Amino acid sequence: MDLLLNATVNWSRAQFALTAGYHWIFVPITLGLAIIMSVMETMYVKTGDEKWKKTAKFWQLIFGINFAIGVATGIILEFQFGTNWSNYSLFVGDIFGAPLAIEGIVAFFLESTFITIMFFGWNRVSKKMHLASTWLVTLGASLSAYWILVANAWMQYPVGMEFNPETMRNEMVDFWAIVKSPVAINKFFHTVTSSWGVGAAFVTSISMWYLLKKRHVDFALRSILIASVFGFTAFLLVALTGDGSAYEVTQKQPMKLAAMEGLYEGKEGAGLVAIGLLDPKKEKYNDDVDPYIFKIEIPKLLSLMGYRNANAFVPGIKDVVDGGYTLPDGTTALSFHEKKEKGLVAHQALADFQKAKSEGRETDAANYEKVIRENYNYFGYGFLEKEEDMIPDVPLTFYAFHTMVMVGGYFLLFFAVVWYLHRKKKLESMKWLHHVGIWSFALAVLASQLGWVVAEVGRQPWTIQDILPVQAAASAVPAANVKTTFFMFAFLFSILLIAEIMIMVRQIKKGPEE
Amino acid sequence: MITYEFLQNYWWFIIALLGGILVFMLFVQGGQSMLHSLSKTEDEKALVLNALGRRWGLTFTTLVVFGGAFFASFPLFYATSFGGAYWVWMLILFSFVVQAVSFEFEGMPNNFLGQKTYHRFLLFNGVVGTFVLGVAVATFFTGSEFTINKVALVNLLGESNVMSGWDNSLHGLEALGNLRNWTLGLAVFFLARTQASLFFVNRLDHKVLQERSRKFTLYNAIPFLVFFLTFLIWTLLSEGYAVNPDTKEVFMEPYKYLNNLIEMPIILILLLAGVVSVLWGIFATVFKKSYSKGIWFSGAGTIVVVTMLFLLAGYNNTAFYPSYTNLQSSLTVQNASSSKITLEAMAIVSLLVPFVIAYIFYAWKALEGKRLSLKDVQEEGGY
Chain A
1 MDLLLNATVN WSRAQFALTA GYHWIFVPIT LGLAIIMSVM ETMYVKTGDE KWKKTAKFWQ
61 LIFGINFAIG VATGIILEFQ FGTNWSNYSL FVGDIFGAPL AIEGIVAFFL ESTFITIMFF
121 GWNRVSKKMH LASTWLVTLG ASLSAYWILV ANAWMQYPVG MEFNPETMRN EMVDFWAIVK
181 SPVAINKFFH TVTSSWGVGA AFVTSISMWY LLKKRHVDFA LRSILIASVF GFTAFLLVAL
241 TGDGSAYEVT QKQPMKLAAM EGLYEGKEGA GLVAIGLLDP KKEKYNDDVD PYIFKIEIPK
301 LLSLMGYRNA NAFVPGIKDV VDGGYTLPDG TTALSFHEKK EKGLVAHQAL ADFQKAKSEG
361 RETDAANYEK VIRENYNYFG YGFLEKEEDM IPDVPLTFYA FHTMVMVGGY FLLFFAVVWY
421 LHRKKKLESM KWLHHVGIWS FALAVLASQL GWVVAEVGRQ PWTIQDILPV QAAASAVPAA
481 NVKTTFFMFA FLFSILLIAE IMIMVRQIKK GPEE
Chain B
1 MITYEFLQNY WWFIIALLGG ILVFMLFVQG GQSMLHSLSK TEDEKALVLN ALGRRWGLTF
61 TTLVVFGGAF FASFPLFYAT SFGGAYWVWM LILFSFVVQA VSFEFEGMPN NFLGQKTYHR
121 FLLFNGVVGT FVLGVAVATF FTGSEFTINK VALVNLLGES NVMSGWDNSL HGLEALGNLR
181 NWTLGLAVFF LARTQASLFF VNRLDHKVLQ ERSRKFTLYN AIPFLVFFLT FLIWTLLSEG
241 YAVNPDTKEV FMEPYKYLNN LIEMPIILIL LLAGVVSVLW GIFATVFKKS YSKGIWFSGA
301 GTIVVVTMLF LLAGYNNTAF YPSYTNLQSS LTVQNASSSK ITLEAMAIVS LLVPFVIAYI
361 FYAWKALEGK RLSLKDVQEE GGY
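Read top to bottom, the protein sequences are chains A and B.
In this text, residue positions in the first sequence follow the numbering used here: the first is 1, and each later residue adds one.
In this text, residue positions in the second sequence follow the numbering used here: the first is 1, and each later residue adds one.
None of these hints come from the bench; they were simulated from the model.
Relax, there's no trap hidden among the hints.
One-sided and incomplete, this derived list gives chain A residues near chain B with beta-carbon spacing under 7 angstroms:
(1) 94
(2) 104
(3) 113
(4) 117
(5) 175
(6) 347
No experiment lies behind these values; they were computed from the predicted model shown.
In this text, a Cβ means the ideal position worked out from N, Cα and C, and glycines have one as well.
Using the sequences plus the hints, can you model the full thing?
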């Protein structure tokens, strides 16, 4: 591949990471806050207590500010698949486009219609209609998350499809296999419950600030009650769904799991690294340098999580590259070179198939098609050059994963403590906890971002697992153009983020209506 | 039995309809483009902003759904146009990104950029968003510069493996060099402003703004009609991109779009009916002082006209996204669509659309049983 296109791929990746990263600052807050404000409004409708209404209205105002910038940063993501990843769009659009379209039809209209009633309908519709609208906004946000995660999960675990050499694209053969993919289901619950946790941390953070300043104390305590119960429950679910995600990754993306754990040499009864420091001297996947400077491991847990068997063999990076180990289905794993060879056979057969078709040699075409089908599972390896190309950035994936898990554990404890102290009516006087609560929100955002770093960096080089690497997925737009739009969006989104924070801070300082 | 061909045509119709609804909903952008010229005082500005601000989300959503549906049903178009005409789509997207925050942020204290900047964002979206969308749609008739070579994916010579490439370095901006594209761009821009004026006449409980909006209807309708008719007549009299139904070869046919109209009389009738409906909405509002329902006639007419224009571009053996640098790379409803199973699955999902329209209508009625006044804005809070 020429250098120009290489630069285009790198800038396209940078742009997607930038826009997705910005977008994901706002989305978890939206998903979490939506439930919290809906619960608060439900309390108002059930009890008739005006203080609950005031509480719900304040959080809806904050929700609105956050929602707007979430929408602004989100639109570019959908269209970027076309603008910057045209080969990808052409190659899998038959499958990938459907969840995006469904997201629009079933989720976006729901959100955009009922959000207007939520904001402007307090004096125009009945209490119950207003409450229903608020919950419908919440439902819309969650449905939107589901469909986009179905799309993302399919990239990580492509199911329900068949390659059609005539149209040169992957085509859908089983809609329900895509929609009900175990990776999608796990990803949805893990992502949404972690977003609930971020929303709860957000509400707690602002409420703690009010307690610290001794302002709006009743409002703050009400908000913390809902947020701490909700946050604790959310992080419990995050732990459960995280286990499910780890299982799916082990089964479907062994290289990603190995990178998450910094596991170079596979072993039976593998332990899960609780804390570890990677040795930067480890430069090659097959050198003799020990990957860790130090590590504290929980024995056998990785095998147990990944295979539901404490003694199971977990392949390391070297194993995935070199092959030779036994896969769960009893077959022997192929090496990189064997996969690459099969990928190239599929490429050649595809080129021959197209030529035979254009020349009307149908029998030859049928034979080539058979070869393509036999080797298609390794199609993507034909685009890779060397072993290292199939290994993601190990330190980034490893540290992102472990920091995320640690922060998750911290929040479980944090919300339990806050909930307990709230029940004991001791929260108001604990200044140190107010400070901790305020700053913990930053940790929640960090963990949420890191979750996506694990998911997306850990699956490199693939846009579609084993089928299409990033190198073969980009548009033919010169790197200078993509670089320009990268900086345009970097500048614009940064400015908008500053604006959002400034507006929010002012509204928070102003506080709920008295 | 539902055939593949039926599904392909069905989905082209859905895309056409979504395009029609999107162009109608661009009245929000039209209103943004005349925020300063229509409203003279701060109160008037607040009222105009609030009337539009309660609608922008639906326009935005329609654009996103239009994009998503196009991706799902005609992925080859999505890859070719978006990945090729990069700057056209980036300009459109950029204008919608800045719009999305502007209504919410402009009136907020401590908003960093100042209210005027957000108003400029709205103006930018109102002018550039409508005009460039119009230009982009015009290329469905005038053509673009691209080549598709799918086998390049496995180019074993080590060259670029991009399957759809743009044939110039301007990446879409070359469309601005075609006068016919300009006429549709300007027509969409002035149509959006005309519709916005009609919308204000219908929605605002404010005498001065209502009267001014009536005048603005006329001021914008005249250039709209001039540019739209120029585009339409020019297109009908030009060569078009025809497809040989047997060989699938694309070739230039004189008066192709006029022939399409003659050969598809239902489209001709609906197109004319749509134009009449738009004209009725405009003229009744301008000349009958108490008449305020023009937006419904004009809006429905717009949806029908735009839908028919899309159908004209894609039906009757016509290439809907033609390439004039490589005719045989042109996209047709047949060669650019998704597989049968995808179209079937999406067709089932599309059955939800009437339900969506029903709850949107219900929500509108529930929220806006009466016109919007300054008092409402002050009592309910707003932008």
